[in-house]
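A.B. asks: Single-letter residue listing:
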Amino acid sequence: MSFILEAKGLQKRFGAVVAASDINIGITAGERVSLIGSNGAGKTTFVNMITGYLKPDDGRITLDGQDITPLAPRAITRLGVARSFQIPQLYGDLSTLDNMLVANACHDQKLSFWQPARRPEAIARAEALLERFRLTEHRDRRVAELPGGVRKLLDIAMALTGHPKLLLLDEPTSGVSAEEKFPMMDTIMAALGHEKGTTVLFVEHDMDIVEKHASRVIAFYAGRVIADDKPAIALATDDVRRYVTGELLAE
Amino acid sequence: MSATLSTPAVGSPSARVAGTGHGRIVALGLGFCAVLCLAGLFAPKWLTFLLTMAAANGLVSLGIVGLMRGGVVPFGQGMMLALGGYTAALAFNKLGFTDALGLALAGGVVSMLAAAPFAPLLSRYRGIFFAMLTLALSMVTYGLLMKIEVLGGSDGFNLGRPTLFGQALPDARVGYILYVLTIVLATVMALLARIYFDSTRGLVTVAVRENELRVEYLGGSVRQAMTINFILAAFCGGLGGALVVMSLGHVEPNFSFWTTSGEFVFVAILGGWQSVAAVFVASTVLEVVRSFSSAYFPNTWQLALGLFLLFVIRFLPRGIGSLWMRGNNR
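Chains A and B are the protein sequences, given in the same order.
Here the first sequence is numbered in the working numbering, starting from 1 and rising by one per residue.
Here the second sequence is numbered in the working numbering, starting from 1 and rising by one per residue.
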């Protein structure tokens, strides 16, 4: 089977802490994969290794068969991998629209000395994506003044500007109130629905959201993969119930 | 020049209409340039000289503003002034090349070429490290200029009267012609700077100041942006340096001294990074304060300047330009 993303034998330690221990994962195109696990289980480390922010101590990561292990984040982004962040990484002093225009400009890779950033076609592209994420009303607001949920959505919208083949969402609903989580995730998934063929990996702690939106679940514990299956099966395993959801401990 | 070289505020109705083209800004800039050139015909010589120096020094500070937009402040812009000045003076004296426009452009190009090898290194540094590295380069240049006798040592050397398009400049008009040349070049550079600041590259530069990590994760190159800005700043500095030297008729190592660089940083902070026009307004303010203070209280003019800067930082932390760029964060 050919994978869009394949991690083989990934190892990563931070001193005595094992963040990744012999991780072997293959992701096929179009999957919606949820990465679950308690804090410190190694989910974000895995995402950071895929996007080049961290280099594994050992192992290999390939994207469409190409080894991306030694590449810098920018080079990996240009190969079609985009990500959002647990803490949204935005340009706080700029407006929402300008944040989108920066994303457009960077993804286009055709930076110009004279072509206005605010040309009509660039604005139209940015506005279309803002519309998909229901952010139009915030178009001209300074990003630093936006509520947390809106900032999360903008962070993801910016990642989508380049129409990535692989999108990694690091806790897209963290820091958002319980009532807002589901509508927010629905908005995200509806927006992603326009991106035909985009493979999505998302780190999530809310199992209801995982069950609703993931086609596959990969559970981490102490840097190891303890389950990798369809949501209903993965979430029912003893290891996941013990180390991730805590159900067995409660019983 | 103040109201002409600024973009409308984000979110304002005018931003949606005028945000994509520069026709209005170019027209206003050229119109203002023409008015200044005509006014120079009737202005006293001391005033045209003051404005010549303000525009030429403003060009040097414009380079700093370009870097400030990316979040770094160089403390060695005096080196670019000196490189441009010495290039023009040497080309005049040693090569016999006397055309004022050619000398000005040569100053800019040589400064740019001299800065290019250092740009990739400097693009790795931020904050005080960037400032100190540029200061170090500037002081090394100062030391070399002081020691090299063929360049006049600590006294520097003079250059004669330039020509323009093959025509000798008459005694009575030389000051005015250099004034017009400086104003025209400053206008052209200011308009180009505005176009650059509003371009996709210009917007990414501002994004670098805000969040470098995200720029890289969007596929942009932070180091490329900083490298380009440093080289462009060098061109502005060299161009301004050549114009200053032609008006003064003299060049000396002090151009590269750290206090000279400090004055350009002063102007850049006074003007702020949002408006191109504000840089030239701030440069004019500095020249006016310097001229009048030197005449009336020669030993304490820096005190007046310092108090003025404190006032601006307290009440206009984003510089004079924020007066008419309110709400625009690009």
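Just to be clear, a hint being listed does not mean it is correct.
[Claimed, not checked] A short, non-exhaustive set of chain A residues, derived as facing chain B with CB atoms under 7 Å: (1) Asp93; (2) Gln115; (3) Phe182.
[As the list claims (entries may be wrong)] Some chain A residues flagged as far from chain B (calculated, every beta-carbon gap over 10 Å): (4) Val18; (5) Asn24; (6) Thr77; (7) Gly92; (8) Asp98; (9) Arg134; (10) Gly197; (11) Ile209; (12) Lys230.
Keep in mind that the hints were calculated from the coordinates and are not lab data.
Every residue, glycine too, gets a C-beta built ideally from N, C-alpha and C.
A.B. asks: Can you name, in rising order, the numbers of the hints this structure does not satisfy?
C.D. replies: 3, 6, 7 and 8
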